[in-house]
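Based on the hints, put chain B in the right spot on chain A.
Protein chains in written order, with the working numbering: chain A, 1 to 424; chain B, 425 to 728.
Check each hint, because a few of them may be wrong.
Below are the DSSO-like pairs computed for lysine-lysine, each with C-alpha atoms no more than 27 Å apart in a straight line [what the hints assert, rightly or not]: (1) K403(A) to K517(B); (2) K311(A) to K602(B); (3) K200(A) to K542(B); (4) K652(B) to K151(A); (5) K106(A) to K128(A); (6) K161(A) to K248(A); (7) K517(B) to K575(B); (8) K16(A) to K292(A); (9) K428(B) to K311(A); (10) K602(B) to K402(A); (11) K542(B) to K602(B); (12) K652(B) to K311(A).
Pulled from the structure, derived: some chain B residues nowhere near chain A, Cβ distances all over 12 Å [claimed, not checked]: (13) Q427; (14) E443; (15) N459; (16) S500; (17) D514; (18) P532; (19) S534; (20) L540; (21) R545; (22) E557; (23) H572; (24) G578; (25) H589; (26) P612; (27) S658; (28) V692.
Don't read these hints as lab results, they were simulated from the structure. All figures in this text were calculated on a predicted structure; none of them were measured in a lab. Yeah, the Cβ is synthetic: ideal placement off N, Cα and C, and Gly gets one too.
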Amino acid sequence: MLIRGADVVFSDGVRKSDIRIEGGLFTQIAPTLDPPENEEVLEAAGLTAFPGLIDMHVHLRDPGFEKKETIETGTMSAVKGGFTQICCMPNTRPVIDNKVVVTYVKARAREVGLCKVHPIGAITEGQKGEALAAIGGMKAAGAVALSEDGKSVQNSALMAKAMLYASDFGLKCLCHCEDASLVDGAVVHEGDYSTLTGLKGSLRAAEDIMIARELCLAESLELPVHICHVSTYSGIQLIREAKARGVKVTAETCPHYFTLTDAAIRDFDPNAKVNPPLRAERDRVAVIAGLKDGTLDCIASDHAPHHADDKNVEFNDAAFGISGLETSFALSYTVLVCENGFSLPKLSALMSANPAGILSLTGGEIAVGAPADLMLADLNESWRVDPAAFVSKGKNTPFAGKKLQGRVKYTLSDGEIKYREARA
Amino acid sequence: MNQKDILGLYDMEAAVIDEILTRGLAYKSELKRGNKVFHALSGKSMVTLFYENSTRTRCSFELAGKFLGAQVVNISVAASSVQKGETLVDTGKTLDAMQNDVMVIRHPASGAARLLAKTVRAHVINAGDGMNEHPSQALLDMLTMREHFGKISGLKVAILGDIYHSRVAKSNLYGLTKLGAQVTMFGPRTLIPAGIEKLGAKICSSREEAVDGADVVMGLRIQLERQKAGNFPSLGEFAKYYGANEEVIKYAKPGALIMHPGPVNRGVELTSALIDGDTSKIEDQVLSGVAVRMSMLALLGKED
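One chain only, chain A, in its complex shape:
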């Protein structure tokens, strides 16, 4: 196949190029390539080609919560959002804490055949925080990392053992940071809007204390660690300082932390209920600065689909989470590139090369010899978010009606078109 005339995003710049794909790999990239008679040609003039996006923090809900999402609908949502590789969190039922569940997820994803799905195993059995999960077995079955996502391992000694044992298998811990005693039932950020609404807030310290603990463990043990969905200005500063003194830490944030503040919960919108909570403007600005200066390494959606039944209840009882795969790219392009002057290579690094690097995944660049994973977007197109149009089962988004710039048109994985926008 020949993709002709796209503006191609490389790590060092954007150049109009033709791309040849053969056998699932990029085989030729040049300013112009001529197709032989029988070669399929995808005319992409006016579109921008990005390396396939990689989301290292997704909830697929399958097995166990198929009412919220399945591996099929989740990966449909992923390719519609421009993603060719996603990593799925272990808080399923049963929990991904053994090789059987890892094997199921991988096999089901292969059967659906849309994007690559890399399971993340739980750190402890059943995510109970008591005993190590079957880490070796999960690695052998294909788990790419470990996480207790949704909570922290509260016992510091157990967390230290987990990091050490995981390192034997070359696995990193991806840390959801939350001190349970400080959160204690809180559902929003403690600040102006918790006071206004009367909803229980949690301090930045609830997140920061656990970030600091993971940094201390990584530093003491001389092991790498990854911090999930950072939302506080103060947590970003902890990571910045740790990086400066050589701690092997990487970190992600999510589009909602650089697009929204806790003002979004003013009218008790359960779709703005997310964990960590949306915070103040000061934090939102710091997240953008952290992405800009490299303190934050990548963007993950924390795609957390829920059924309407899980959200159409009292705010306190509503499930945490935002369905994010189908808005992640456009939110990032709109806010980071259009409004904050990020370059396209920088955006691409945050959404492809960097997460690939953190998890040692193949891909993340458009280069000869690499797997032909790419996404074609029309950066001139603006559109309004319509949850009803999501292919994810989770319609839970606080961005309904928001006008965004940049629309995914095609997603190719291993050289095959996995998503093509339907003609209007």
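The following block gives chain B in isolation, referenced to the frame of chain A:
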């Protein structure tokens, strides 16, 4: 007034508050004369839906509805389908299908009244939702003040105690400041919510400062479980350092009113000398409550 629901005072215009108080005062003087027969809601039905225990608020709303001629049904959690796991939204739809005209809801979750209002066709009155708002309590407090002073504007109101958990304090803050009063607050730092100053309160560093020159001193009920949660060491220490007593009240204007939303813990938020003193309005507040709730119901009902 043309609004479907009364969910709080944060979003209520000053003119509407004024309208409710004016009509409430008229009802109160009728009630004092022993007149309990009115017709503003005759032919209407009203349900009180209480997910939290309450004696005075539920009884006050029930009487207000009955005095106005409405058919009133009371639902409390223990006797309802909530125990069977029905959601608030479904309960609301069911009560709506029975053609109820007004639903009065009390709920432990902030925002619950708004969720119900969004769901049902009926008028919804928030009778207290979590730590959010309790508009009828604030309106009855303001009615009591207006009856005594003739106006709200220019008054200085000191609110003492557990501000963090108090929907009463917040609704009073919104209503009083909209009508031109000044609100000072004091309580343990553990029970002062973040950024309350931005909503118009002056947070003081002592009881004396808060009460200084006040026309009204309002205590707030402290729940024992707040002590167990580590917000202060003991009720004794709370009373000693944060309660209002005869010494503290000397800083207020002579004749300053003593108020409390009830039920009061004697000797904790307020000493008995203040509760039973000449300027205490705590009992009078109760009748103001019936009157102001009649006014709220009548104003919502008249649109139909």
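Going through the hints against the structure:
no. : hint               : in the structure
1   : K403(A) to K517(B) : 33 Å, violated
2   : K311(A) to K602(B) : 34 Å, violated
3   : K200(A) to K542(B) : 22 Å, holds
4   : K652(B) to K151(A) : 25 Å, holds
5   : K106(A) to K128(A) : 24 Å, holds
6   : K161(A) to K248(A) : 17 Å, holds
7   : K517(B) to K575(B) : 41 Å, violated
8   : K16(A) to K292(A)  : 25 Å, holds
9   : K428(B) to K311(A) : 24 Å, holds
10  : K602(B) to K402(A) : 33 Å, violated
11  : K542(B) to K602(B) : 26 Å, holds
12  : K652(B) to K311(A) : 32 Å, violated
13  : Q427               : 15 Å, holds
14  : E443               : 25 Å, holds
15  : N459               : 37 Å, holds
16  : S500               : 17 Å, holds
17  : D514               : 10 Å, violated
18  : P532               : 8 Å, violated
19  : S534               : 4 Å, violated
20  : L540               : 10 Å, violated
21  : R545               : 17 Å, holds
22  : E557               : 7 Å, violated
23  : H572               : 29 Å, holds
24  : G578               : 26 Å, holds
25  : H589               : 9 Å, violated
26  : P612               : 16 Å, holds
27  : S658               : 21 Å, holds
28  : V692               : 23 Å, holds
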